Amino acid sequence: MTKAKVYHDGAVSGARRAVDAFLSILLTALSLIWIYPVVLILLNSLKAETAISTTSVFELPTSETFVGLDNYIHGVTQMNFLSSFGYSVVITVTSVLLIILCCSMCAWYITRVNTLPSRLMYLLCAFSMVVPFQMVMFTLSKTADSLSLNTPFNICIIYLGFGAGLAVFMFTGFMKSVPLAIEEAAMIDGCNPLQIFFRVVFPILKPTAISTAILETMWVWNDYLLPTLVLDIKKYRTIPMAIQYFRGSYGRVEMGPMMACIMITVIPIIIMYLACQKYIIEGVVAGAVKG
Amino acid sequence: MEKAIRKYWPAFLLPTLAAFIIGFIWPFVWGLYLSFHKFTTVSKTTFVGLSNYVKVFEDPTFVSAFWFTAKFTVVSTILINIIAFLLALALTRGLRGTNVYRTVFFLPNLIGGIVLGYIWQILLNGILTNLGLPLLALDARYGFWGLIILMCWQQIGYMMIIYIAGLQNVPGDLLEAASIDGATSLQTLIKVKLPMVMPSITICTFLTLTNSFKLFDQNLALTGGEPAKASQMLALNIYDTFYARSGPQWKGIGQAKSVVFCLLVIVIALVQLHFTRRKEVQQ
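Chains as they are written, first to last, in my numbering: chain A, 1 to 291; chain B, 1001 to 1283.
Simulated from the structure, these hints should not be mistaken for lab results. A few of these clues could be false.
What the hints assert, rightly or not - When the alpha-carbon atoms are kept at most 30 Å apart in a straight line, the in silico DSSO-like pairs for lysine-lysine are as follows:
id : chain 1 : residue 1 : chain 2 : residue 2
1  : B       : Lys-1055  : A       : Lys-142
2  : B       : Lys-1071  : B       : Lys-1229
3  : A       : Lys-176   : B       : Lys-1229
4  : B       : Lys-1229  : A       : Lys-142
Claimed, not checked - To list a few chain B residues with every Cβ distance to chain A over 12 Å, as calculated:
id : residue
5  : Ile-1022
6  : Gly-1049
7  : Tyr-1053
8  : Lys-1055
9  : Asp-1059
10 : Ser-1064
11 : Lys-1071
12 : Arg-1093
13 : Leu-1095
14 : Met-1196
15 : Thr-1210
16 : Ala-1221
17 : Pro-1227
18 : Ala-1228
Quick caveat, the model's predicted, so the values are computed rather than measured. Idealized CB from N, CA, C, for every residue including glycine.
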């Protein structure tokens, strides 16, 4: 992956090797520290409720305190985790698909049609990326309520509206470098704009679409405040809402099931990450270059 | 061709535009309007002029949240960018295991703010208790540094990725020329690499500044603003004003606070872009 080239003569390479060895040790230690918090939660999620306290949190599970997956079973049923997982999946998938489809079309339109509304739309999208959510949270939740956009099945329209900024920005950034000639050829061959877009333009946009999809997925999947304000918390809870609700409910919080729930939230993320690491990292870099 | 596309605007432009109006433009304009009004329900509002804005600055919790946020933003921006840049330098030397390190450092970024907050609350409270110190929720100083640690853990990997991409784009012939001219590695770093990765620095400072300033989830989950709102940041303070205080005046004040908050974010973003963009060189 790394393209680092070494420019040195023989005398320097000894010193360089020493530095490299030192760095390797340092980075390994740092990596272990980096994953420790997750390992700590994993270990504690396997302990009996009575064995978990702030003083004993660093002790490893022993044969007496080890309870296997009890906390997981307890946590999943108590938190109603499966339905939360389902809602999170539905919201994320519909929102991201809708954002990719609509924003790529919109971005193509505003790069190819140079009129005042196009330019205005582009500026507003850029502006919306800076505005903090708190600015619109109250009025947005009221608007969503009055339009009945408050279920997991149509909240994607809200996400399209609030997430359009980044997506339009990324697509237009890429679109500017796509030559017009191919599209003009398609037009001469008798394609209408819709056919041109789906048969010619969208395939070219695919890498940007993947990057954008990843950035938007990271946002929607982990988003807490927007669904909390828009959805009815008694009926629908996404995973972040369920964790916060579980934690904030009255009475003593059971730490074991709580940590088990954290783990079952984190594990799918880690698996997804290891599976599509290449795309995720490319997506982050692409997003940074365009932003 | 432009004319043909323009005829299809209901298909291309309308869906995004409609959602954008519902999800952003209308709430934004309505929010501005409400910030000059007193209301408990949005159907009954009375115009009060600038009085909400005056009350924003008379509210001691807002002022203290502002200073907490400002300090947090400065410290976290500096720490995250320096550490991320050093890691990126270490990971572009072609060490064995570079990919593994990169994978590990980036990982926390994918975990949501609420979950991150709880993970660190458990870990930090464990450390504090074993040292015989008060819990996170009892001392705002620990809350502050707890948030800094959490933010570093989450964001360093992301910024590191951007810096790595920047460093890999430094042309090899420039580095070669520097080494032929007898530059030490420190000189190469300061005179060649730093100016060449200035665009990455611009982006990373922009992202860390705005992320830190707008922080909400992590603040809510790690300290919840405890003790007595002393570790509350601006975003949480606004949320608290809207939804946790009773009294007919608070919603209007909350909306005025949001407008002030929004202006602050815009000013910070513009000032920062202005200063770092000036330092960028043409490649």
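key: Hints violated by the structure (listed by number, smallest first)   = 3, 5, 12, 13, 15 and 16
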